[in-house]
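For the record, the sequence lines run as chains B and W.
Position 40 of the first sequence, counting from 1, maps to 40 under the numbering used here, and the rest follow consecutively.
Position 40 of the second sequence, counting from 1, maps to 40 under the numbering used here, and the rest follow consecutively.
Honestly, the hints are just simulated from the structure, not real lab data.
In this text, all values refer to a predicted model and were calculated from it rather than measured experimentally.
Think of the CB as a built atom: it goes at the ideal place given N, C-alpha and C, for glycine as much as any other residue.
Be a bit skeptical, because a hint or two may be false.
Stretches of chain W that chain B covers, calculated by requiring three or more beta carbons in the stretch to come under 8 Å of a beta carbon on chain B [unchecked claim]: (1) 33 to 45; (2) 86 to 94; (3) 102 to 112.
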Amino acid sequence: ETGVTQTPRHLVMGMTNKKSLKCEQHLGHNAMYWYKQSAKKPLELMFVYSLEERVENNSVPSRFSPECPNSSHLFLHLHTLQPEDSALYLCASSQEEVNNEQFFGPGTRLTVL
Amino acid sequence: KQEVTQIPAALSVPEGENLVLNCSFTDSAIYNLQWFRQDPGKGLTSLLLIQSSQREQTSGRLNASLDKSSGRSTLYIAASQPGDSATYLCAVRRASGGSYIPTFGRGTSLIVHP
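Next comes chain B alone, as it looks inside the complex (with noise of 0.2 Å):
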């Protein structure tokens, strides 16, 4: 696998399950990203890890709970989510300190019903 991978890629879930997305970079890079991409706004920044510590949390609710265990690895952890929740969740990757040029994934689905 090269680049940017998420899993699963369409997740279903009611609104009290607990659900995990995953994310895994195979760039080498040093900062992760996870993003909430809903119809007709702009993309929105959810967290930022850089050298697996969590640099940013753009005001996000408490029910969605980021893990990042080591530099290629990021999880999106869900509870107790609401339908307004449905998006698409986009995982990013770029090398601070260079060009922190960034990259996708291709994105998970998620429906809440």
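Starting from the structure of chain B, add chain W where the hints point.
Okay, now just chain W, sitting in the frame of chain B:
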């Protein structure tokens, strides 16, 4: 707070036309600006990255310019093709506590018809 605006929001053109997509931002203290394309339901593909010290970047039929002082960037697409149909997004990054935080525009939805 940084705001990024992209004009036009949508564009439909016949094949072969040369196109200009615009991106403007309110805070000129940026680290870099990146242009992406996004196909429906897919992730973003990086097209061009311009550092704050640069004026333009070119890749094939694409040319992006940056005027930091006026808060503007343009993406020029030469000889458009149906395969160029996608949403084009620009993102500016600012420095924040040792990391670089991106802000995206809403995108320009482009359709190139044969």
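- Item | Within 8 Å of chain B's CB atoms, at least three CB atoms from the region 33 to 45 of chain W: coverage verdict | Since three or more residues must qualify, the claim that chain B covers the region 33 to 45 of chain W holds, with 7 doing so at under 8 Å.
- Query: With a cut-off of 8 Å between beta carbons, are at least three residues of the region 102 to 112 of chain W near chain B?
  - Reply: holds (count 6)
- Task: Please count how many residues of the region 86 to 94 of chain W have a CB within 8 Å of a CB from chain B and say whether that reaches 3.
- Result: holds (count 3)
Violated hints: none; the structure is consistent with every hint.
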